[in-house]
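Participant: In the order they appear, the protein sequences are chains A and B.
The C-terminal position of the first sequence is numbered 223 in my numbering, with every residue numbered one higher than the one before it.
The C-terminal position of the second sequence is numbered 221 in my numbering, with every residue numbered one higher than the one before it.
Incorrect hints may appear among the rest.
[Claimed, not checked] Keeping only pairs whose Cα atoms sit at most 30 Å apart, straight-line, the calculated BS3-like set for lysine-lysine is:
| # | chain 1 | residue 1 | chain 2 | residue 2 |
| --- | --- | --- | --- | --- |
| 1 | A | Lys177 | B | Lys141 |
| 2 | B | Lys141 | A | Lys6 |
| 3 | B | Lys64 | A | Lys138 |
[Unchecked claim] Not close to chain A: a few residues of chain B, all C-beta gaps over 12 Å, as computed:
| # | residue |
| --- | --- |
| 4 | Tyr74 |
| 5 | Thr77 |
| 6 | Asp93 |
| 7 | Glu169 |
Since the hints were derived computationally from the structure, they do not count as laboratory data.
Computed from a prediction, not measured in an experiment: that's the story for all the values here.
All C-beta atoms, glycine included, are put in the ideal place defined by N, C-alpha and C.
Now for the letters of each chain:
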Amino acid sequence: MSGKPKLHYFNGRGRMEPIRWLLAAAGVEFEESFVEKKDDLTKLQKDGSLLFQQVPMVEIDGMKMVQSRAIANYIATKYNLYGKDLKERALIDMYVEGMFDLNEQLMSYNFQPADKKEQHFANVVDKATNRYFPVFEKVLKDHGQDFLVGNQLSRADVHLLDTILMAEEFKPDILAKFPLLQVNEWRVLMDNALERTTDLNWLRNRGEWEGEERSDIQNNQIC
Amino acid sequence: MSGKPKLHYFNGRGRMEPIRWLLAAAGVEFEESFVEKKDDLTKLQKDGSLLFQQVPMVEIDGMKMVQSRAIANYIATKYNLYGKDLKERALIDMYVEGMFDLNEQLMSYNFQPADKKEQHFANVVDKATNRYFPVFEKVLKDHGQDFLVGNQLSRADVHLLDTILMAEEFKPDILAKFPLLQSFKARISNIPTIKKYLQPGSQRKPPIRPEEVPKVIAIFY
Chain A
1 MSGKPKLHYF
11 NGRGRMEPIR
21 WLLAAAGVEF
31 EESFVEKKDD
41 LTKLQKDGSL
51 LFQQVPMVEI
61 DGMKMVQSRA
71 IANYIATKYN
81 LYGKDLKERA
91 LIDMYVEGMF
101 DLNEQLMSYN
111 FQPADKKEQH
121 FANVVDKATN
131 RYFPVFEKVL
141 KDHGQDFLVG
151 NQLSRADVHL
161 LDTILMAEEF
171 KPDILAKFPL
181 LQVNEWRVLM
191 DNALERTTDL
201 NWLRNRGEWE
211 GEERSDIQNN
221 QIC
Chain B
1 MSGKPKLHYF
11 NGRGRMEPIR
21 WLLAAAGVEF
31 EESFVEKKDD
41 LTKLQKDGSL
51 LFQQVPMVEI
61 DGMKMVQSRA
71 IANYIATKYN
81 LYGKDLKERA
91 LIDMYVEGMF
101 DLNEQLMSYN
111 FQPADKKEQH
121 FANVVDKATN
131 RYFPVFEKVL
141 KDHGQDFLVG
151 NQLSRADVHL
161 LDTILMAEEF
171 KPDILAKFPL
181 LQSFKARISN
191 IPTIKKYLQP
201 GSQRKPPIRP
211 EEVPKVIAIF
221 Y
């Protein structure tokens, strides 16, 4: 047993990606065990390893944690990425839940039927640029600090960077109207934080799944 | 300004009901302002009251909080319903997220097209009785205590009671194979603040009636 957290999921972003980001930002090395076909999932279910028969599952600190928000909450608290008090946590939770709503929409694009993709794309760009990004731009503008909450790195900054990078994959100029979100110094600060991780290979190689993987997942009903 | 939390939502359960339950369990009086037509929502949006243009929104402790999980997390922590340490909180979060997944399925029944309702009903009953309720029955059986986590009332117990009651509205004998959940239900229902919330005339909302569904869709979509 290595003592490192061990992540069980398919080899792609999905509901595990925010958890990978948090561990990486905290400089915590982790292992991964990939669910590649239905048998892999069935085995975990039969082992009794999955509380609700689903992945993500993370082995950490003697627990087999499930439910992506539960896992993310635990990791964020353990590694001091959840603010210093209840009020900061309230702000972080509000911002992060908004980001998760946008992420769902970004990620569900690949699962749309072909005739709905164009409309979905337009909806997502509209929500990103009119509902979500203006909020975070304004937060940074109003307090003038480098980080979203409490003048220090928190999970809010980590998840926002993930969301921003996914949104730019979607539409490269999507931050055109949001100078503070673009600001290089902010990204450099984030990069410095991320440089603390020793698992840089994960960060460099994270990629989108291609169409073939998507149909594997749908056919195997892994999710 | 009364100092009481003020809840902004439509006059129904939806994403606000877990929050109402937590406040009620904690014995905290609250006010409600109902969004009844699209104009009510538009007004809140134009006021700048809704961070992401959506309800639920709860005015509490000088904040206009949005996002139902953020609000529930805040209230649970403030009123000591979130366990005593990180490990208890981890268990509570896992259990509660499972309950929320089941709740989504219970509540979305009324929004299914007519030709999908029967299949949806069967799926929900299957998930409740084979995936979710066995977990909570086993938790109670394994530790033999009255509450799910940490031998004291937490949000896990409050949300589980809500889920159980909604599931029984769906299928009255749905707890038939779960004797510990049946006694859990009776026991938690008897806690004075919760007993009060379960009485007629409280702020607990009834299940949505099918004829209300178009009105709700018109407000939000």
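Participant: Need the list of violated hint numbers for this structure, in ascending order.
Facilitator: 1, 4, 5, 6
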